[in-house]
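As a plain string of letters, each chain reads:
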Amino acid sequence: MIRMENVHKAFGDNQVLQGMSLEIPKGTSMVIIGGSGTGKSVALKCILGLIKPDSGMIYVDGKDATKGDRDAFLARFGMLFQGAALFDSLPVWQNVSFRLLRGPLKRPAEYAREIAIEKLRRVGLKSDVADRFPSELSGGMQKRVGLARAIAAEPEIIFFDEPTTGLDPIMSGVINDLIREIVTEMGATAMTITHDMSSVRAIADNVAMLHGGVIQWTGPVGQMDASGDPYVEQFISGSAEGPIEAVR
Amino acid sequence: MNPLAALGGLGRAVLSLLATFGKVGIFAADAISHIFRPPFYPREFFVALMNVGWLSLPVVGLTAIFTGGALALQIYAGGARFNAEAVVPQIVAIGMVRELGPVLVGLMIAARVTSSIAAEIATMKVTEQIDALVTLSTHPMKYLTVPRVLAALITVPMLVGIGDIIGIAGGYVVATENLGFNAATYLQNTVNFLETKDIVSSLVKGAAFGLIAAIMGCYYGMNSGRGAQGVGRATKSSVESAAIMILAANFILTGVFFSV
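Going down the list, the protein sequences come from chains B and E. Position one of the first sequence corresponds to residue 1136 (the numbering used here), numbered consecutively onward. Position one of the second sequence corresponds to residue 257 (the numbering used here), numbered consecutively onward.
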């Protein structure tokens, strides 16, 4: 289980998180929605330790996320970045099996390549993609490679940062379905941040609405449409009228 | 303009400069300490060796040969004013080995390697590749900085040595083909005139300049701002800082080796 308690983070005068609290039960898929610049990515990076919160606590399975063996902590996570964040200098298979080629999880190169090809197949890519470089792939293929990398070491917790941004509706649907299938199949705990309501409906067990640096509403995805929360209703309808200012 | 405001501005600029020196110093100490601590990344080190050393050879060789040739012409023409044309081999040798070889190689490495390291790492930063490294349990300092710093520390002295030899060869070709020097005498004078200290100072300068070039590239890359402008600014600042620090270090090291 992931638990954030009263987390604050500011960049200069910009108070991004102002007491965010959230619980993600083990084995469930939580989707955080909210407008641009509301701190969704910051929250995710705080959990991973990429950004240090100014105050507040973050627990993973009841343990303080900032303490203990950092490598062991990060080995439990997989992450799909917004722009895929593939390493340009490495071919696709080495990107996917990055963890298996170095460090404590190091395996022989042939084995790591086999795993990479298996994971590429899992995300719908053929084995001939393995030897290409990221710059030779389309945006959708890069996202799938990023997804393959996120699941390569079979993590317990997977984070998805805007998984469908910049993709056409069909490719977005493919990625959403893949994420749902993989999360269910692996029994992983998932946290996704997105603006895309079709992603929310496809991926989420639970939804949290982040606005003004705090969680305004959270609940099961089935209750989202009838939440009665003006922030959630405005976000779903995409209306310029409501408590969320259109000009921010 | 209000003199107090001007003084305040000057103070802020000095403080900012000192803060940057401090940050670079801490970064360099951290990078050097990581050289001795596992995990090590031999593949990345080998790639860095190729990029910093092997692929810099053409530019270093061309710079050195033209500089050596021009130096021979200058010394011959200048020496003729007081009947000292015969000192061409000695001055070319001492000029290349003590000063021009290390400084020109250092500046070429700053232009070629520092800029490339800063642009590559800054691009990795703005495209979240550095964050991705961290989530894959890989320390960016160990994976990105250490291989480049170590490669520069090892290969730049070698490049300086090669540059010294090629520069002297450039002077030799010009002197023997255009200025009428006897080939054997030229070589004899060159070898006899150089001292061990000249060569050691050249190689030590090479190591120092290599360290500066790699550290500045990595530091500005890792601390780049956002977007294309951030990458551009990081690249520009890294080359400017590396070039200035190389020239300053050259002055200090020359003082250490040759002060009377």
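Source of the hints: derived by calculation from the structure; they are not laboratory data. These numbers were taken from a predicted model, which means no experiment stands behind them. Virtual Cβ for every residue (Gly too), placed ideally from N, Cα, C. There's no promise every hint is true.
Stated by the list, open to error - Straight-line C-alpha distance at most 25 Å; calculated PhoX-like pairs for lysine-lysine:
#, chain 1, residue 1, chain 2, residue 2
1, B, 1187, E, 492
2, E, 398, B, 1202
3, E, 279, B, 1187
4, E, 279, B, 1241
What the hints assert, rightly or not - Selected chain E positions facing chain B (Cβ under 7 Å, derived; list incomplete):
#, residue
5, 291
6, 294
7, 383
8, 384
9, 387
10, 391
11, 393
12, 396
13, 397
Each hint tested on the structure:
For the proposed pair residue 1187 (chain B) and residue 492 (chain E), the alpha carbon gap of about 29 Å is over 25 Å, so the pair is violated. At most 25 Å may separate the alpha-carbon atoms for a hinted pair to count; residue 398 (chain E) and residue 1202 (chain B) meet this at roughly 21 Å. A C-alpha spacing of about 19 Å is found between residue 279 (chain E) and residue 1187 (chain B), which places the hinted pair at or below 25 Å, so the restraint holds. As the CA atoms of residue 279 (chain E) and residue 1241 (chain B) are separated by approximately 34 Å, the hinted pair breaks the 25 Å bound.
Checking residue 291 (chain E) against chain B: minimum C-beta separation of about 17 Å lies over 7 Å; hint violated. Nearest Cβ of chain B to the Cβ of residue 294 (chain E): about 10 Å, over the 7 Å cut. The hint is violated. Against a cut-off of 7 Å between C-beta atoms, the interface hint on residue 383 (chain E) holds, since the closest Cβ of chain B lies about 6 Å away. A hinted interface residue such as residue 384 (chain E) counts as satisfied when its beta carbon comes closer than 7 Å to some beta carbon of chain B; here the least separation is about 4 Å, so the hint holds.
The closest approach between the C-beta of residue 387 (chain E) and any C-beta of chain B is roughly 5 Å, which is under the 7 Å cut-off, so the hint is satisfied. Among the interface hints, the one on residue 391 (chain E) holds; its C-beta lies about 5 Å from the nearest C-beta in chain B, closer than the 7 Å criterion. With a least beta-carbon distance of about 5 Å to chain B, the hint placing residue 393 (chain E) at the interface is held under the 7 Å criterion. At a threshold of 7 Å, the smallest CB-CB gap from residue 396 (chain E) to chain B is about 11 Å, leaving the interface hint violated.
About 13 Å separates the beta-carbon of residue 397 (chain E) from the nearest beta-carbon of chain B, more than 7 Å, and the hint is not met.
Going through the hint list in order, the structure does not satisfy hints 1, 4, 5, 6, 12 and 13.
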